[in-house]
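Protein chains: 4
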Amino acid sequence: MIVNMSEKATEKEIAHIIERIREAGYTPHVTRGVERAIVAAVGNGRRHEIEALQVAPGVDNVVAIAQPFKLVSRQVKPERSVVNVGVGAGSVAIGGPGVVVIAGPCSVESREQLISTAHAVKRAGATMLRGGAYKPRTSPYDFQGLGLEALKILREAREQSGLPVVTEVMSTEDVDIICEHVDMLQVGARNMQNFALLRRLATVSKPVLLKRGPSATVKEWLLAAEYLLSGGNSQVVLCERGIKTFETEMRNTFDLAAVALARDLSHLPVIADPSHGTGKQSLIAAVSRAAVAVGADGLIIEVHPCPERALSDGAQSLDFAGFEKVMKAIAEPLRGAAVPAGAEADVA
Amino acid sequence: MIVNMSEKATEKEIAHIIERIREAGYTPHVTRGVERAIVAAVGNGRRHEIEALQVAPGVDNVVAIAQPFKLVSRQVKPERSVVNVGVGAGSVAIGGPGVVVIAGPCSVESREQLISTAHAVKRAGATMLRGGAYKPRTSPYDFQGLGLEALKILREAREQSGLPVVTEVMSTEDVDIICEHVDMLQVGARNMQNFALLRRLATVSKPVLLKRGPSATVKEWLLAAEYLLSGGNSQVVLCERGIKTFETEMRNTFDLAAVALARDLSHLPVIADPSHGTGKQSLIAAVSRAAVAVGADGLIIEVHPCPERALSDGAQSLDFAGFEKVMKAIAEPLRGAAVPAGAEADVA
Amino acid sequence: MIVNMSEKATEKEIAHIIERIREAGYTPHVTRGVERAIVAAVGNGRRHEIEALQVAPGVDNVVAIAQPFKLVSRQVKPERSVVNVGVGAGSVAIGGPGVVVIAGPCSVESREQLISTAHAVKRAGATMLRGGAYKPRTSPYDFQGLGLEALKILREAREQSGLPVVTEVMSTEDVDIICEHVDMLQVGARNMQNFALLRRLATVSKPVLLKRGPSATVKEWLLAAEYLLSGGNSQVVLCERGIKTFETEMRNTFDLAAVALARDLSHLPVIADPSHGTGKQSLIAAVSRAAVAVGADGLIIEVHPCPERALSDGAQSLDFAGFEKVMKAIAEPLRGAAVPAGAEADVA
Amino acid sequence: MIVNMSEKATEKEIAHIIERIREAGYTPHVTRGVERAIVAAVGNGRRHEIEALQVAPGVDNVVAIAQPFKLVSRQVKPERSVVNVGVGAGSVAIGGPGVVVIAGPCSVESREQLISTAHAVKRAGATMLRGGAYKPRTSPYDFQGLGLEALKILREAREQSGLPVVTEVMSTEDVDIICEHVDMLQVGARNMQNFALLRRLATVSKPVLLKRGPSATVKEWLLAAEYLLSGGNSQVVLCERGIKTFETEMRNTFDLAAVALARDLSHLPVIADPSHGTGKQSLIAAVSRAAVAVGADGLIIEVHPCPERALSDGAQSLDFAGFEKVMKAIAEPLRGAAVPAGAEADVA
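Chains as they are written, first to last, in the working numbering: chain Y, 1 to 348; chain V, 349 to 696; chain G, 697 to 1044; chain P, 1045 to 1392.
Hints may be right or wrong, so weigh each one.
Calculated lysine-lysine pairs in the PhoX-like style (CA-CA distance at most 25 Å, straight line) [to be verified]:
{"no.": "1", "chain 1": "G", "residue 1": "LYS704", "chain 2": "Y", "residue 2": "LYS77"}
{"no.": "2", "chain 1": "V", "residue 1": "LYS356", "chain 2": "Y", "residue 2": "LYS325"}
{"no.": "3", "chain 1": "V", "residue 1": "LYS673", "chain 2": "V", "residue 2": "LYS470"}
{"no.": "4", "chain 1": "G", "residue 1": "LYS818", "chain 2": "G", "residue 2": "LYS704"}
{"no.": "5", "chain 1": "Y", "residue 1": "LYS328", "chain 2": "P", "residue 2": "LYS1196"}
{"no.": "6", "chain 1": "P", "residue 1": "LYS1121", "chain 2": "P", "residue 2": "LYS1250"}
{"no.": "7", "chain 1": "G", "residue 1": "LYS818", "chain 2": "Y", "residue 2": "LYS70"}
{"no.": "8", "chain 1": "P", "residue 1": "LYS1121", "chain 2": "V", "residue 2": "LYS425"}
Since the hints were derived computationally from the structure, they do not count as laboratory data.
Build the full structure now, drawing on both the sequences and the hints.
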């Protein structure tokens, strides 16, 4: 931490900062410039006491030097983590050599809807199934999910298809019952900083899929994951799902560079959600390819037997044929480099 | 709802939309233009079924006409609501003729810290006390609040000072114990769309202070309030606390126009939080004045006996003298209009 | 400037940074912590050479300590600047004791439209007239302004009403002709970083109204003003007009805290544009009051004889009666503080 | 266009809207719902007159149905456009089957710097050269480019290397001299809505590279291109270069979905700029691959012989070895799909 004194700071004010840095458990180092002094806090003390010094007299601002997260950092663990979902045959390794594709409906609406989807996405190459039982809906008048009934259907779909299942958890009170029925628990974007929920999930033995909040910085997202790891659960997969910006043609701005950055900063696997990332059926294939190219360890894609009859997220859901096309698209080679006109002539 | 057909839509596709609108419980009305047709869904049907039609063949997009919230709307209840906090002498009416000022530390750190602050802010003119017992912190390594001990200190501070008390609730599991100790429960910005928490708070008999999420639109904020009203709790006060933008000199962008807009759209009282709205001690007085001028029903301001020693939010907390200055600032008259050079000459 | 070395930086890499800091004209100061070293560049050297060191081996990042602007800064000139617009009787001082109100149509559409507006806004208390001759329009098919004809009408309106006139300049080629006809030149939000235009305007003898870009930080805005001052024109007034965010109910997010911040950081006068700031007729009165309360030195408001027939910006323009209401609103006293129930009882 | 009447609109107000729609050259169609009426404006009239009706009495809002751009739209021209840059051997087709890679320094700093870079990037596979002569710099104290001297060096580099050259134009006054020296003119992000410049470039015979503004929606970007096409220049290439968001770890948020969307909406070629898109050397390879995968017709990448000595944009520039690695990265196949544990067992 560096305390940047103002140009008008007095010697007394500088002395006060030096004393406060010592009190906070750091060693102070002063550097005097032409116009101002800076005081570095060296060592491992109480960080918040230095942060609060930005309101001390004579201080312009306080600058943090080190990243605030630890256990999720590649500086602590340089090798990449692999998170296993499910048990036995059919279990899936996220963060391994292959791209994991999780597919299924936004909400579980009926037994038939989910089971048919499970078989269809498996046939097309998906290795995991998604489906919402408890739905976070912006309006209280929208469909809120089938709850326990959906959990039972998800369990049956897993048994029939062999695909491990992930579903969203919205409340600490539902954690136990969800753990009984599915293989992985998802923290939705709007709950990324629901710290009570994170602390509870840190104590379960199932892996957690942690979505990035719609206005969370990459740093805040990693700190949310730090809640899980520091609480005892290191089976964490990060998921980029788009952030909110001024653009209105798409539901969100899909931040694919954040996938690369999160993989640079952290050893945790990172997957991407092109359905929420764009909110537009017609863009899913292109951005899914991009997500794979940027290094994502997996994709999570919304698929519904009949999107125009979906109870939620119809506009961004693919039907079975659409999902098959996406699976083919992510297997196609990248477009090659252009050749100048002259080079073409050379060939002839 | 209006379904906007694409220029290439076939008659068969239009007929399909007409049929689906009927199935969804609406009456379809077709308007044919030179280049395209639009089909309006008239009446009160199942909204999501129309929304999902944006992926039906031949459809360009679907446009909602009416606002999605109901009970919070001024169209349903044109007269302004007043929310009473506390009981008997000392109780405060938010949304009444006067501006309510809620002040206190970000976190309750000790009995002495809170009691001294309660007396100081009361002396300066505050009518309610704030103080965090359960703290939502971005990092798991930051101070997480004193919990139940803090609740007891808050209760004592209320008894000594007579000021009604508000504190944040982060989890459904803490709702009962918090209701026992304080007068008003705050939903923090990061929990604005924690729907499990909202549903639980809809059933309590205490008023709720609902902060706007850092990336929530005004519409989403009002829909979060709709969860409370539709669940049975109409004692809701909205609080603007800044949104996240690209600006880096301030912690958030304080959206004061949203205070005016929320008061236009809803009958609920709206207060403003200049401390989080700017994150900068030096700006609190100016933006507090602006919040009052724009029509806010109250202010919530962080005050600490010694901000540079605060365990959280020190950079945006005022000391007692600073808070007194803010209270004076909001009482000062507005600057008058400029007079042209010629007019001044006239006077002389 | 501080060069923050990574935890794994070698002694050779630190030595390289020290040498490069010397080459760039600064004195290097090294502080060694437990985990890493930081190297401060002290003095006045070539800033960009230090910035570029963030890609040197062993470097984590480079942090700037001092603000990059100089002439616009209050550290250079603590007393507030006053900018005089117009000459003789009727000239207006922006940044003086009174709030300057600039009013008029988005575009000059006809002689009658502008002259009637000039008289109406003067009657209501405006001290300056605005009107667009060259219009920056998002679509090439929208009305692009009357050009020279509009300039002549603006000149006549000034002669008839006595109100100094401001109009937008979009191109270096129009600077001379505009200077001949009006009293102040406006740089529109989309041209805030049109550096060729700024450099040209630095050489004129008329004052400049510099709007903040829709995604400009306060620092970038002040640096745009620095182009004008460093080029020789210190008659600069800043104008906040809303920034682009995710909110869709309003055209922009009106950043009133930025008005206070800009006045803290700079000695230049700062005015606010509630018309573009919100894009909503119904909010203008409330946010105009807020702008005055936050410390704005003036307002610029769009007024049109018949907004629903305006060729541009009709939705945010006021008619004459609406403008009169705004002028009254900014003169009304602020709402007083709430009194607790007990206190009311005491009085009785 | 649809005029959405408020629930309280009177018959007289509806009649007024019907009349105004006729005056504006459209045919009105009224649909009456249970709670409100909507009036559609059918045909081709004066759009702005309908937009302005949102302030007419009894109107809630006005909704546009059709996209506002025409010549750039794929509805007008479904087949993709190809833009040829340069003449004869060495000319490059952007929008053809191959990915065009444009590489070179942010600024031309010296003859030696540019010529050595031209040879290096050509060797690594680039097909065009970039280099700034006139630099848009946030601060007036930063390096502003070598101007005409740089243009001459660019011309020499093209002659020596055979690579067509693109450089940025900042002012209408420089258009002619730049056209004489280079093959393609770039409109920088901050000038995307410099309409005077766009109108001037609509009249030149050289192709234009139009960068997306840092806060421009895709629609505004396409409308900026519409200025060029409607003015007579259809040789336009779009370039996504990142937008401004709240994220601070990267310079911008690289909006790769916008590349796919722009290619869906428009027939113009779209390239991507990973250097500005992220501002981080370490992320260029990953996001370049993603840009190719999402469908970009080309890449523009900053390369410098020694980034840590660059006069501008050092932090995001690659050295020659780094650029070679990126060229290899975009040729590597995509990662394949994951195989469940059971499937692996099956193989054995």
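Taking the hints in turn, this is what the structure says about them:
1. G:LYS704 - Y:LYS77: 14 Å, holds
2. V:LYS356 - Y:LYS325: 23 Å, holds
3. V:LYS673 - V:LYS470: Judged against 25 Å, a Cα distance of about 14 Å means the pair holds.
4. G:LYS818 - G:LYS704: 68 Å, violated
5. Y:LYS328 - P:LYS1196: 48 Å, violated
6. P:LYS1121 - P:LYS1250: Within the cut-off at roughly 21 Å; holds.
7. G:LYS818 - Y:LYS70: Roughly 63 Å separates the two Cα atoms, so the pair is violated.
8. P:LYS1121 - V:LYS425: Given pair LYS1121 (chain P), LYS425 (chain V) is violated - Cα atoms ~51 Å apart, limit 25 Å.
In summary, the numbered hints that this structure violates are 4, 5, 7 and 8.
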